[in-house]
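Engineer: Residues per chain, in single letters:
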Amino acid sequence: MTVYRIPIGDAIEAGIDFFVTHLSFATIAFSKFTTKGIAYLSEILMFLPPWAMILIFTGLAWFLSKKWGIGLFTLIGMSLIWNMQLWGPTMDTISLIIIATLLSVAIGIPLGIFSALSTTAYRIITPVLDVMQTMPAFVYLIPAIPFFGLGAVGAIFATVIFSVPPCIRLTCLGIQQVPREMVEAADAFGSSKAQKLFKVQLPIAKTTIMAGINQTIMLALSMVVIAAMIGAKGLGGEVWRAIQRLEAGRGFEAGIGIVIIAIILDRVMQQVAGGKKQQM
Amino acid sequence: MAQKIMIEGLFKVFGPHPQNAIELFRQGHSKNEIMEKTRHQIGVADASFTVDEGEILVVMGLSGSGKSTLVRCINRLIDPTAGKVIVDGEDVTRLSVEGLRQFRLDHFGMVFQNFALFPHRTVLQNAVYGLEIKKVDPAERKERGMAALEQVGLAGWEDSYPAQLSGGMQQRVGLARALALDADIMLMDEAFSALDPLIRSDMQDELLALQDKVKKTIVFISHDLDEALKLGDRIILMKDGAIIQSGTAEEILTKPADDYVAKFVQDVDMAKVITAESVMLKPKAMAYYKTDGPKAALHKMKQSQISTIFVRKDKKLFGVVTADDCAMAAKRGDPTLEQILNTDIETVSLETPGVDIIPLLARLPYPLPVVDADHKLKGVIIKGSLLAGLSERGTD
Ligand SMILES: Nc1ncnc2c1ncn2[C@@H]1O[C@H](COP(=O)(O)OP(=O)(O)OP(=O)(O)O)[C@@H](O)[C@H]1O
Ligand SMILES: [Mg+2]
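So the sequences go chain by chain: A and B. Under this note's numbering, think of the first position of the first sequence as 1, with each following residue one higher. Under this note's numbering, think of the first position of the second sequence as 1001, with each following residue one higher.
Please note that the accuracy of each hint is not assured.
As the list claims (entries may be wrong) - No more than 35 Å apart at the CA atoms, straight line, and that leaves these computed lysine-lysine pairs for DSBU-like:
(1) B:K1331 - A:K199
(2) B:K1135 - A:K199
(3) B:K1263 - B:K1300
As the list claims (entries may be wrong) - Just some of the chain A residues that point at chain B, by a computed CB distance under 7 Å:
(4) M182
(5) A185
(6) G274
In case anyone wonders, no lab produced these hints; they're calculated from the structure. Just so it is clear, CB atoms sit at the ideal spot from N, CA and C, and this is done for glycine as well.
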């Protein structure tokens, strides 16, 4: 007996085909933007010698976090990366993360605002996010290839899809959590929707939104590594190559590099997000 | 005076099917019964009242009686379930979203029970929020914001954040935010509740002084009867969402509509409530400066068995003479009262409250004259009449 097989996979493939042929203008635009962005960023990051960049990163980490410890960790960690001769791949990874995060934030915050302000949007977006977050990360790599081929652009596309949910969710949550009486006060004084959003809701939701961006950065970092499988360069590429060549030592060195970047980004972002809260 | 706010048959029921609850209420069911039957909370039930332009209306009632809900219906922070809310001739319940926004901008200042300050804005930035929304230019905005902060005694705190302030100070920031706007209607939800007694009294005086200068229409929610009596031109009392009595302070105190109101008002200090007018007596006799000499005055006093007599000139209270002095002057043969007349006398007006009368009475050797705005003698107060007034009203 043969049971009718619901053609979910077929439908998705057909969908992807449809988008590949009919949305080429969008994929081309996305391609151009990311390729250019990565090129410029890498150029900027590789313009100065590593020791100068290490000092800049250290200064930046200290300035943003206002903590000596984080500055010191940055100094030692980045020096170690340089010493392990992983400087180039690390800069590649950082530019991928920066581009992917910028895109995720640019997409995530407006969608988060939208879903906080419209119940209909909320009802549609939330289940989609649930699915997106439970889907194994690798799966996103598959559509990336037909859209953008192998390489950095496809990697960024997959990374953005993978890392955008927390940004949407926490932006939405942050706005919903603004105490009712503050929204009432804004209303009572005749604020328009936009005034209410920009003068009251977003500033009060800022800490939560920053936490969302932090999560987005962390997810972007992990995905950028996985995306090495479809040809993204960087530390993930080093790990991937090490796996293929069974070079355990080299693989772990690249892994340590990823951990160092993750810790620096996380600590700095936490301070940026939390520091403002103390003022309030 | 023009009616600024008119509320008619206002209902607010919380829940998905409010009409049922309204129907039950009309059939005479209580708020609790309706809650049990339908799981619907009655916020406001069939409230009707008006507020005149330039008047302070105080809304009183126990916690949960619907005061905040009622006031929120006036500027439609809460959409009424049924009824009319007419402000300046405009039915607020019919306004479009944009129309409502504009209307709030043009008419309302509001102080919130729980302050509702913006935590990310400094004290000054909070104070000027309304002006910012109104697009007042920055220089004027700052000036008005600072003036409002000055008014509430927070000068010097403008760059602090709300979290750095005490509860009372935060409440005053909320007050400044509404004052800076200079709106013609002020909705004040327990605006002074977090203040300590001294500052509270200051703020009440400040509000009354302001009210003397610029006539605002104020709806003021209060838990405190003394505050209501001091501020309110009229008071409405709420219970379970309904208005159970409205009237002037005296009306409510002297003729409580039911036991609930009576309980509410029983512990108020009567001396704060009763006025000179309500305890004064008609003067038994008067002397006329132009026609009465010492002999005539003495005669009048003997006739009405009093020992001092007030003297009138040109229809105005002019002075007082005692029987002893009159007898002396009569012996000397003075033709007029000029030599013995005491023109430096204490007077009180018709509205002077009992508290202010008591100390005067204690010092004066003669009864306390009560005069009107034209300095015409309307009555006199003697110790006995005041005490009688106090005890009589205190017991019923
Ligand atoms: N959003 C709401 N949903 C359901 N019920 C509500 C809501 N807001 C108020 N209520 C109910 O309406 C009634 C009146 O509440 P309201 O806040 O107006 O009282 P109040 O007189 O201002 O009390 P308080 O003196 O404590 O401030 C209460 O029974 C309350 O439970
Ligand atoms: Mg209240």
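Engineer: Holds or violated: M182 of chain A as interface residue toward chain B, Cβ cutoff 7 Å?
Structural biologist: holds (5 Å)
Engineer: Going by Cβ atoms only, is G274 of chain A closer than 7 Å to chain B?
Structural biologist: violated (15 Å)
Engineer: Can the hint on A185 of chain A be confirmed by a CB-to-CB distance to chain B that is less than 7 Å?
Structural biologist: Status holds, d = 4 Å.
Engineer: Given the hinted pair K1135 of chain B and K199 of chain A, is their Cα-Cα distance within 35 Å?
Structural biologist: holds (13 Å)
Engineer: Hinted pair, alpha-carbon criterion (35 Å max): K1331 of chain B, K199 of chain A. Please report holds or violated.
Structural biologist: Status violated; Cα separation ~86 Å.
Engineer: Within a Cα-Cα threshold of 35 Å, do K1263 of chain B and K1300 of chain B meet the stated pairing?
Structural biologist: violated (47 Å)
Of the numbered hints stated above, those contradicted by the structure are hints 1, 3 and 6, listed in ascending order.
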